[in-house]
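Q: What follows is the residue order along each chain.
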Amino acid sequence: MTRVLDIQALSKGFSLHHLGQDIAAFDAISFSLDAGEFVLIKGINGAGKSTLLRTIYRSYLPRGGAVVFHSAHGPIDLARAADVDIAHLRRTEIGFVTQFLNARPRVSAEALVAEPLRLAGESADAALHTARGWLSTFGVKEELWQAYPSTFSGGEQQKVNLARALILPRKLILLDEPTASLDAGARAALVARLAELKENGAAMLGVFHHPGDVADLIDRVIDLTPDAAPEEDREDVAV
Amino acid sequence: MTTMTLEPPRLVRTKPLLEIRDVSRSYGEVRALHKVSATAYPGEVLGIVGESGSGKSTLLRMMNLEELPDSGSYHLDLPDTPGDLFELDRFARRMLCATRIGIVYQNPHLGLLMKHSSSGNVAERLLIAGERRFGVLREKAREALSASEFPLERLDAPPIELSGGMQQRVQLAKAIALEPALLLLDEPTTGLDVSVQALLLDTLKRLQQERKITMVIVSHDLGVIRTLADRVMVMRRGEVVEVGLADQVFQDPQHPYTQQLVHAKL
Ligand SMILES: Nc1ncnc2c1ncn2[C@@H]1O[C@H](COP(=O)(O)OP(=O)(O)OP(=O)(O)O)[C@@H](O)[C@H]1O
Ligand SMILES: Nc1ncnc2c1ncn2[C@@H]1O[C@H](COP(=O)(O)OP(=O)(O)OP(=O)(O)O)[C@@H](O)[C@H]1O
Ligand SMILES: [Mg+2]
Ligand SMILES: [Mg+2]
Chain A
1 MTRVLDIQAL SKGFSLHHLG QDIAAFDAIS FSLDAGEFVL IKGINGAGKS TLLRTIYRSY
61 LPRGGAVVFH SAHGPIDLAR AADVDIAHLR RTEIGFVTQF LNARPRVSAE ALVAEPLRLA
121 GESADAALHT ARGWLSTFGV KEELWQAYPS TFSGGEQQKV NLARALILPR KLILLDEPTA
181 SLDAGARAAL VARLAELKEN GAAMLGVFHH PGDVADLIDR VIDLTPDAAP EEDREDVAV
Chain B
1 MTTMTLEPPR LVRTKPLLEI RDVSRSYGEV RALHKVSATA YPGEVLGIVG ESGSGKSTLL
61 RMMNLEELPD SGSYHLDLPD TPGDLFELDR FARRMLCATR IGIVYQNPHL GLLMKHSSSG
121 NVAERLLIAG ERRFGVLREK AREALSASEF PLERLDAPPI ELSGGMQQRV QLAKAIALEP
181 ALLLLDEPTT GLDVSVQALL LDTLKRLQQE RKITMVIVSH DLGVIRTLAD RVMVMRRGEV
241 VEVGLADQVF QDPQHPYTQQ LVHAKL
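From first to last, the protein sequence lines stand for chains A and B.
According to the UniProt record's numbering, the stretch in the first sequence is residues 1 to 239, in order.
According to the UniProt record's numbering, the stretch in the second sequence is residues 1 to 266, in order.
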């Protein structure tokens, strides 16, 4: 198995200076992830699931430990890598899928979805063509493709977001409740796309509101609930 | 606070386009900048936020070579510009600033001749760079104004007759007319009403993506910084208190001042 991620004794907490408060999110978590593996993170509200994903993506700065990512250029510790290196990896190898779209004024749905492809060097026409394909797959009505998503319904925005986030294959994909509030059709399209990406070797780490949706993909479960067994294998999944 | 120190870049091998090191500057008793360092990589947008009087505009004027520090150095990774740019003579500094750096000020009076035509304001940049052919001047000014989404039927109107948003577009056109390597923006959208602001931001974002211009943008509006910046630097009392990826600085601010700034906006 090809290793993609080695997390060693990762800790995260927040010092809220104005409140004189310190919030511990998680302490000394260790696990690893191989290519083509799908790991479900579970735990009660506030257990630190989103925080773990954001810390790996470096939206949050870890307090200690290492997040060794085996990039195309060799291993690199995401906990300490330079900001520009992190930005580079986010453009090329590491994806983050949430339920929220970052709409921008006067940027059409299809342009938003095509953007990662254009940034990766595809021609504008080819990128647009592929983008329309994915909008259609996720069930975004054709009359919306050229409209600005800031006025779309929550579900429609979410579909645009999924199309954009999953249009490029990535070595590591982090997912934070991407199915919440999606209709059945879009959910099925998402699961099919995740299966395809997994088949092609993507390593995935995700939190799912309804883990049943992705039951067939899950290889392992990590429970962040305090005092839970640190890791269960597939047979133990109680989804 | 136990922030881990980050390593130098390993994957990104290109040199920073802009590297300013340890600049300090005092005006009498006022310490405007104290050992401030900043880098910007090619195509990157660096956002600068911080309280009023923290030295943001002073730093930008230095990056534009309008002003010299008491100490510190400045490098731009451009052909034919080796060494510390603060050491260049006045003429060389002005030439470099006119040809390779563009700036948009909050106050259009600082950047424009208010009674000359808009196209003339842009053409002036090209004249400084040595272009003398009238047809070329007019055509290039037109191109830059059009790229800035300035209404071309107002080409000959002097900025004094234009709205604030349009004046900023003239400044922007002037700034990008010579395809600068570095674009500096000091509160470019402040004072504009919200819808005009959004349009200008959108133009900036498009220019940045299409032309891969390296940008440094100063704004009090965290929304503006969030929309444009890849990395954010936070200044207070002439010093840098925090620098990081934009989403990290906004979602997981480390310094007490940054936390205060971010939470005040939530
Ligand atoms: N940016 C932040 N600043 C301060 N505290 C935070 C921040 N993000 C998360 N926390 C705190 O860290 C803890 C873990 O939160 P997190 O959002 O990771 O939980 P979660 O497991 O994703 O919960 P849920 O199931 O509700 O989504 C909580 O106590 C939360 O308040
Ligand atoms: N030419 C000057 N002469 C005297 N004092 C100056 C000069 N330029 C700047 N200062 C002082 O240096 C300090 C920093 O000013 P600067 O304009 O850089 O702040 P700023 O961060 O841009 O603030 P703002 O957000 O209000 O625009 C201020 O105290 C200012 O009064
Ligand atoms: Mg969560
Ligand atoms: Mg200022």
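Simulated from the structure, these hints should not be mistaken for lab results.
Please note that a few of the clues may not be correct.
Interface residues of chain A toward chain B, partial, derived using beta-carbon atoms under 7 Å [as the list claims (entries may be wrong)]:
| id | residue |
| --- | --- |
| 1 | Asp27 |
| 2 | Phe31 |
| 3 | Ala47 |
| 4 | Ser50 |
| 5 | Thr51 |
| 6 | His73 |
| 7 | Arg80 |
| 8 | Asp85 |
Beta carbons are placed, not taken as given, at the ideal position from N, Cα and C, and that holds for glycine.
Q: Hint check: is the beta carbon of His73 of chain A less than 7 Å from a beta carbon of chain B?
A: holds, 5 Å
Q: Checking hints one by one. Is Ser50 of chain A an interface residue toward chain B, by the C-beta closer than 7 Å rule?
A: violated, 10 Å
Q: Was the hint right that Asp85 of chain A lines chain B, CB cutoff 7 Å?
A: holds, 4 Å
Q: Double-check Arg80 of chain A for me: the hint is only fine if its C-beta lies closer than 7 Å to a C-beta in chain B.
A: Hint holds; Arg80 of chain A Cβ to chain B Cβ min 5 Å, cut 7 Å.
Q: Quick one, is the Asp27 of chain A hint okay against chain B at 7 Å, beta carbons?
A: Where the cut-off is 7 Å and the nearest Cβ of chain B is about 13 Å from Asp27 of chain A, the hint is violated.
Q: Quick check on the hint: Ala47 of chain A CB to chain B CB, less than 7 Å?
A: violated, 18 Å
Q: Can Phe31 of chain A be said to touch chain B, with a Cβ gap under 7 Å?
A: violated, 20 Å
Q: Against chain B, run the beta carbon of Thr51 of chain A and see if the smallest gap drops under 7 Å.
A: violated, 9 Å
Violation of the numbered hints given earlier is confined to hints 1, 2, 3, 4 and 5; the remaining hints are satisfied by the structure.
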